[in-house]
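6 protein chains.
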Amino acid sequence: MFAHNKRLQYSVHVAECNPGLANLMLEQFGGPQGELAAAMRYFTQALAEEDPGRKDLLLDIATEELSHLEVIGSIVAMLNRGAKGQLAEATEEAAELYRSLHGAGNDSHVTQVLFGGGPALINSGGQLWNAGYIDSIGEPTCDLRSNIAAEARAKIVYERLINVTDDPGVKEALHFLMTREIAHQLSFEKALYAIEPNFPPGKLPGMAPFDRTYVNTSQGDGDTRGSWNSDENFTYVTDRKEHLAMDGGDGLAVSSLTPEETEAIAAFADRTASNPKDNPETGAELGE
Amino acid sequence: MFAHNKRLQYSVHVAECNPGLANLMLEQFGGPQGELAAAMRYFTQALAEEDPGRKDLLLDIATEELSHLEVIGSIVAMLNRGAKGQLAEATEEAAELYRSLHGAGNDSHVTQVLFGGGPALINSGGQLWNAGYIDSIGEPTCDLRSNIAAEARAKIVYERLINVTDDPGVKEALHFLMTREIAHQLSFEKALYAIEPNFPPGKLPGMAPFDRTYVNTSQGDGDTRGSWNSDENFTYVTDRKEHLAMDGGDGLAVSSLTPEETEAIAAFADRTASNPKDNPETGAELGE
Amino acid sequence: MFAHNKRLQYSVHVAECNPGLANLMLEQFGGPQGELAAAMRYFTQALAEEDPGRKDLLLDIATEELSHLEVIGSIVAMLNRGAKGQLAEATEEAAELYRSLHGAGNDSHVTQVLFGGGPALINSGGQLWNAGYIDSIGEPTCDLRSNIAAEARAKIVYERLINVTDDPGVKEALHFLMTREIAHQLSFEKALYAIEPNFPPGKLPGMAPFDRTYVNTSQGDGDTRGSWNSDENFTYVTDRKEHLAMDGGDGLAVSSLTPEETEAIAAFADRTASNPKDNPETGAELGE
Amino acid sequence: MFAHNKRLQYSVHVAECNPGLANLMLEQFGGPQGELAAAMRYFTQALAEEDPGRKDLLLDIATEELSHLEVIGSIVAMLNRGAKGQLAEATEEAAELYRSLHGAGNDSHVTQVLFGGGPALINSGGQLWNAGYIDSIGEPTCDLRSNIAAEARAKIVYERLINVTDDPGVKEALHFLMTREIAHQLSFEKALYAIEPNFPPGKLPGMAPFDRTYVNTSQGDGDTRGSWNSDENFTYVTDRKEHLAMDGGDGLAVSSLTPEETEAIAAFADRTASNPKDNPETGAELGE
Amino acid sequence: MFAHNKRLQYSVHVAECNPGLANLMLEQFGGPQGELAAAMRYFTQALAEEDPGRKDLLLDIATEELSHLEVIGSIVAMLNRGAKGQLAEATEEAAELYRSLHGAGNDSHVTQVLFGGGPALINSGGQLWNAGYIDSIGEPTCDLRSNIAAEARAKIVYERLINVTDDPGVKEALHFLMTREIAHQLSFEKALYAIEPNFPPGKLPGMAPFDRTYVNTSQGDGDTRGSWNSDENFTYVTDRKEHLAMDGGDGLAVSSLTPEETEAIAAFADRTASNPKDNPETGAELGE
Amino acid sequence: MFAHNKRLQYSVHVAECNPGLANLMLEQFGGPQGELAAAMRYFTQALAEEDPGRKDLLLDIATEELSHLEVIGSIVAMLNRGAKGQLAEATEEAAELYRSLHGAGNDSHVTQVLFGGGPALINSGGQLWNAGYIDSIGEPTCDLRSNIAAEARAKIVYERLINVTDDPGVKEALHFLMTREIAHQLSFEKALYAIEPNFPPGKLPGMAPFDRTYVNTSQGDGDTRGSWNSDENFTYVTDRKEHLAMDGGDGLAVSSLTPEETEAIAAFADRTASNPKDNPETGAELGE
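Residue numbers (the working numbering), protein chains in the order written: chain A, 33 to 320; chain B, 33 to 320; chain C, 33 to 320; chain D, 33 to 320; chain E, 33 to 320; chain F, 33 to 320.
No lab work stands behind these hints: they were computed from the structure. Hints are not guaranteed to be accurate.
It does not matter which identical chain is used: a pair holds within one copy or between any two.
With a straight-line cut-off of 20 Å between C-alpha atoms, the simulated SDA-like cross-links for lysine to any residue are [stated by the list, open to error]:
#	residue 1	residue 2
1	LYS273	ASP255
2	LYS87	GLY238
3	LYS87	ASP310
4	LYS38	PRO241
5	LYS273	THR245
6	LYS273	ARG131
7	LYS273	GLY238
8	LYS235	ASP255
9	LYS309	ASP243
10	LYS273	ARG244
11	LYS273	GLN251
12	LYS273	GLU121
13	LYS309	GLU295
14	LYS203	ASP255
15	LYS273	GLY252
16	LYS273	PRO241
17	LYS235	GLU274
18	LYS309	THR123
19	LYS235	THR270
20	LYS38	GLU293
21	LYS87	ASP279
22	LYS38	GLU274
23	LYS235	GLU48
24	LYS38	PHE208
25	LYS309	GLU128
26	LYS203	ALA126
27	LYS203	ASP302
28	LYS203	GLU48
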């Protein structure tokens, strides 16, 4: 069960109203690399987790991400607060309020007109948050790798936001949030390697030799060798004929059909057959 | 530039028409862990990649994933082929065709009625593929971690599909596809560690000591210690007062406003103020 | 800031593994009327709320809804737990595992194959949760009405789930969750009527007489009068000519254009003009 | 059945081409609080309605909302009309046309480049309209509450658009549309209270005493009492131990498993168990 | 402006309650080829249409499609009506009601549990309708081609539904709706060819000879010649070297950068460079 | 199987960094009329195609569209390349970087902050690509018509992009891409008319006389006659009474119910009946 205290995990002091900056901050509120995605990623994993240690870890970090959602959402609310009252009360002329939605090229009109200055679960382009941002599949060695990657991505998006932010209070709070992603990434790394073995993931072994084969499908200038396709790590297949098909078969897709199915598909094929010999007049000629 | 050969990377031999199984296969065609997501993940990364070796790697694997999309899509088409003709030509009674959409509890009606038995970019539940499944952000140490995790997830979904598949030809092709994820994961691991350093990602350092602090936000029975929150790796903070706020400040969110903004927001607050003292009659009482 | 205790707000005792029932429960986990939508609805409102009493109320209920998300998610996890191990470990034959995904017509294949039995933020049909389910707009008298309606809807979806659930432990927990929606609805009703006046919402008055006019646009058998369109409450307009246009004008849409714009649009109109006099041969005739 | 007359319900006179303003108007065309959502909300409810009076009401208002969709869409078309011809005919230099897509910070490039200046079912940020905006559930006391809330929200979004609009003809038409939401809200209120009782919604009673309990989950500075959580209306529970669990049980989630299920889940848990004692080397150390 | 009459365009007589069949019918209510998509496709085109004849045509057919939406929605409502009351009133045991959601493998649980038996704007798989289904771009020769294609598709989906429907009243109404698509397709064909010329669409001519070149990118067994790539219609390019690049250039993507940009991108490239010579230890080896 | 060569189908030379222009180009990368939609449209059709000639055609064009995706994506990457390094390395002050995200009203912040300057599968407004953009249904005469329309639309969006582009290298590459749509459209026209007959599509004949009836549903000023509704092609029905209902029946929707169903629905109707006679006090009066 959750509890809440009205104090934030990190204080938020905003120097001046800036809806354009608020809009950018939405990337980490309702964007794909943002805090709701993080919180829900770990929380949903936790609920089905069988290992007590990982369950505790996932709940700890999920809960903290909810607190981060609160911090970044409070930044959005504070950056919009001045403009919010002016639009709601119409204390300015229409032309001035119209400019405030686009001023200096900012892109805050969705937040202001649709959401009244409140933080919404969209990214800075207005895309609705959706659960496709969460890639958990209920297998711990996969989900921990996904979590490691997600923390790394969130760290970088915070870094970019810091790079474009001038307001010192906002910058500091963003720096704190960015830092916590580093700590979380480390925890997830430890938890992944506390499972042994963890590579390859799952139970079913690969089909040799394809688990150590590298297929050079993109050729021409720029072909490069490195540890990722080196002979010491991989069988390097570059002759295109060897790909067609790698089972040594004919590379065709075939299906067995019952007589009734065969008859039905033949009727369909016949009815919609193309006549390649003719050069029919078409809509294109009619339209030229 | 791409080229194509009509032979598949792996031959597909389907033993009998099975639209229910075809529907499950859509997970790896148009699902979040499927081959389109994989191909587009690596392809879009490749286009903006500055490092020639990684660009080649990403193009090699992106191209192979397109060939895998073709293999799994061909499996779907072959599993549906018998039913497709029967529905299109109405060679059976309506009641029989209706049953074929749901028979044995299968869930193939979307594929059959809407898509005519063709492979569609949906998952097995009918959810449209969307680009939110791709989490690339244009930073190589993050994107490689995302790719490692994605390959791990795809391996497991193939494993699950293999576990529920009886058709030997389908099983074999799935096994090949599953195996290639292992090889790709290894390549991406090698490419990640060919960048030094790669942790923490990006350029901006964390704010000490929060990059090595673990916050025990979920407490009560089940609290567990492990390497992911051990004292040797982290400062372990469990007293809730220390979280409020971790900057040592008041934990409030505040914003500086101009006088005009102050006046406007005060007018808004006043106009919409709640009166907590009264116990007003409400719609609920009216409705009881 | 949030804290968490590993005990649930309500104990969950599941009598037997039932992935089909688990799938239905997803309606209140990741569905439009579910607990994530509720929690995020109130939480995002709270962050921008100016009134201290409402802010406290919104945070109290948002936090409780997160705990409900945990309860319903735990129900999903427990109902899937038996099947999860069997699929992951392949302890059954493929044909048997295939049947378990569809047995008795259940629709659990997405949860099992894609999510490994974990609770996912989808509804029972597999539709990804999206933030369009949240209708908050940052105006308290609107948002409270939205909240009242949302609690009413959630109450009913729980009622339907209870009606189809046989497992006594699940039924009891659902009953608790359903009951809390009643209490929350009442709180929101009280908070709405603590704002005076609250109807019509906002600041701008309507344009008389259209704020008390009822337009009888659907006519014919079935036309009914009631308090919602009675003469004591409304001017009832039934003559269709009076709707065209209600401003008394010509009902046209016109725009003033600069000479350059006029010339450009005329060129466009001319280039794409239709010739109604002719009876051209078309693709349809070609194709017959 | 529907019929149509080419005159609008309210005349639209646009003073000058303004694609930036047109883009904002899309909020009420293809946005969540817009006229398509309204029309479809009432229309889908009407089709399944059992009560003749409500069916008539829903059809009357659904039909009128379609006419409002036509008015707001005509505003969009007229505001874009000048720019449309210029882009289609390329009557200006590229640099000038490029500027027209972004001039004065407007955000009209999607409308112009993708939709050719026509009204599209997107909001002002380009988000595609989706049916998740409609929250009807087929229970009249819920749906009427949802309708009341929806009309209130639409009223406010119109108010905000009016506040930022300088064009007198557009302003007047918006004022009419805003006004109609007030009238519709009143009709839906009357229809709700014509059902007795309507609170709590549905048939199943709550589980006492939880239907009149208020749980103070958010604590600390800012805790407030009001009619929404007063002792006269609620049992106020503030001691966190009383929430864990409110059934008086252990607050755990447990499931009964068959022996086969138990064995399978144990095998899964064992295979993926974490080893908390070790401090394994991880990818993070490798990458530092 | 729209008006409505409560009689349908075609009478609907449903022989027995069948939620599974109702669910299939949703394809033409809230599916991509359904009546809402059709109505909105033509309606949004009409609002921006410059040609009076086409505007009238688009409004005529848009309005009729709304009436078709009403017919198919009424079929859904009638097919669900029996089950709706039983679930709402819980007149059956839970086990029986549970079975009714999945009976005979039907997939009606979303409609019944979430939507209470009402027609919802989803397809038969539960996918929410979204405006991406509408492909209008505001150019008449394109939009008419899109409309022709849309009518053809809708005709076929109705044909498939007819093929699986046993209920004579439903079958007849579907037949009527299917037939109207034929008539509409013909009207749109006539309207397209009333614009002269209409091919190629738009104003800008192609770059010879690429407007009559066919590139044989897919080679190997199965290469076929027909009128679509015949020598009389196209220059047939099959040598892959001729595709790289077709401008006769180097086929590279290059950009001019300022000195500051050059320096910045070099710093980025350097910081994230890969070292292909080494064979680093990776997370994969750690995890094996 | 696919293969790749690192040279592009058309060389891309970008004159200067321009993230605003890059953002517009996304329409043809991840937008509804863009190259991914085209490639996937033809590729998925090909996999289920029964006719060898059409299968070859679809694979040829699908493969070429992937190469076009590469060209347009490379344009995006090159236009962003200068800005990418500056944001990643923070070589400019925050205020300057902030301006670069919005400068000259461009809308590139999503690409820069979220995607690090890489091409993403979104349109220029940030809308995620989704598979609802693909309208294939597995019937060749429909799918070819859809393809013809899709090529026409893509041609026009390229034309608009050309009209707003000043950079000569970008303009030339766009011109090439635009031209290829013309060639593809012609191929699909030939393939459509190689099927005889192809109108009406499918197997089931229409229900006379409704396949040649035109219903004049939109009346009033602006009614127009043309070949699309002429007497020589259609029976023109303008009297509204003839539409109600066209089967000559009562225009009602009725369903047969079992006695149990009748009783249940009656109980539901009774419980939620409205009382039209009363004028109840409502929430609106309480709130005024």
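Verification of the hints:
1. Taking identical chains as interchangeable, the C-alpha atoms of LYS273 and ASP255 lie at most 20 Å apart whether they share a chain (18 Å) or sit on different chains (17 Å).
2. Neither within a single protomer nor between protomers do LYS87 and GLY238 lie at most 20 Å apart by alpha-carbon distance, with minima of 29 Å and 26 Å respectively.
3. Taking CA atoms no more than 20 Å apart as the test, LYS87 paired with ASP310 passes between copies only; the shortest distance there is 18 Å, against 68 Å inside one copy.
4. In this assembly of identical chains, LYS38 and PRO241 lie within 20 Å of each other by CA distance neither inside one copy nor across copies; the values are 58 Å within and 24 Å between.
5. In the homo-oligomer, the alpha carbons of LYS273 and THR245 lie at most 20 Å apart inside one protomer (15 Å), although the nearest pairing across protomers, at 28 Å, exceeds that limit.
6. Within a single copy, LYS273 and ARG131 get their C-alpha atoms no closer than 62 Å, and across copies no closer than 40 Å, so neither meets the 20 Å cut-off.
7. For the homomeric pair LYS273 and GLY238, neither the shortest alpha-carbon distance inside one copy (23 Å) nor that between copies (37 Å) is at most 20 Å.
8. Taking the closest pair of Cα atoms, LYS235 and ASP255 never come within 20 Å of each other, the shortest separation being 34 Å inside a single copy and 29 Å across copies.
9. In this assembly of identical chains, the alpha carbons of LYS309 and ASP243 never lie at most 20 Å apart, being 46 Å within a copy and 22 Å across copies at closest.
10. For the identical chains of this complex, LYS273 and ARG244 are intra-copy neighbours only, at 19 Å inside a copy versus 32 Å across copies, given an alpha-carbon limit of 20 Å.
11. In the homo-oligomer, the alpha carbons of LYS273 and GLN251 lie at most 20 Å apart both inside one protomer (14 Å) and across protomers (13 Å), since each shortest distance falls under that limit.
12. Taking CA atoms no more than 20 Å apart as the test, LYS273 paired with GLU121 passes in neither setting, with 72 Å inside one copy and 37 Å between copies.
13. Taking identical chains as interchangeable, the C-alpha atoms of LYS309 and GLU295 are never at most 20 Å apart, the minima being 25 Å within one chain and 48 Å between chains.
14. When the C-alpha separation of LYS203 and ASP255 is checked against a cutoff of 20 Å, the pair qualifies neither within a copy, at 42 Å, nor between copies, at 30 Å.
15. Taking CA atoms no more than 20 Å apart as the test, LYS273 paired with GLY252 passes in both settings, with 16 Å inside one copy and 11 Å between copies.
16. Taking the shortest alpha-carbon separations for LYS273 and PRO241, only the intra-copy value of 17 Å comes in at or below 20 Å, while the best inter-copy value is 33 Å.
17. Taking the shortest alpha-carbon separations for LYS235 and GLU274, neither the intra-copy value of 29 Å nor the inter-copy value of 43 Å comes in at or below 20 Å.
18. Proximity of LYS309 to THR123 under the C-alpha cut-off of 20 Å is found in neither arrangement, the shortest distances being 74 Å within a copy and 30 Å between copies.
19. When the C-alpha separation of LYS235 and THR270 is checked against a cutoff of 20 Å, the pair qualifies neither within a copy, at 30 Å, nor between copies, at 37 Å.
20. Taking the shortest alpha-carbon separations for LYS38 and GLU293, neither the intra-copy value of 66 Å nor the inter-copy value of 25 Å comes in at or below 20 Å.
21. In this homomeric assembly, LYS87 and ASP279 never come within 20 Å of each other (Cα to Cα): the closest approach is 42 Å inside a single copy and 23 Å across copies.
22. Proximity of LYS38 and GLU274 under a CA criterion of 20 Å is satisfied inter-copy only: 14 Å between copies versus 64 Å inside one chain copy.
23. Within a single copy, LYS235 and GLU48 get their C-alpha atoms no closer than 56 Å, and across copies no closer than 26 Å, so neither meets the 20 Å cut-off.
24. Taking the shortest alpha-carbon separations for LYS38 and PHE208, only the intra-copy value of 19 Å comes in at or below 20 Å, while the best inter-copy value is 27 Å.
25. With identical chains, the CA atoms of LYS309 and GLU128 are never at most 20 Å apart, being 67 Å at best within one copy and 39 Å at best between copies.
26. For a Cα distance limit of 20 Å, the shortest separation of LYS203 from ALA126 across copies, 10 Å, qualifies, whereas the shortest one inside one copy, 32 Å, does not.
27. Taking the shortest alpha-carbon separations for LYS203 and ASP302, neither the intra-copy value of 68 Å nor the inter-copy value of 27 Å comes in at or below 20 Å.
28. Taking CA atoms no more than 20 Å apart as the test, LYS203 paired with GLU48 passes inside one copy only; the shortest distance there is 13 Å, against 31 Å between copies.
Checked against the numbered hints given earlier, this structure breaks hints 2, 4, 6, 7, 8, 9, 12, 13, 14, 17, 18, 19, 20, 21, 23, 25 and 27; the rest are met.
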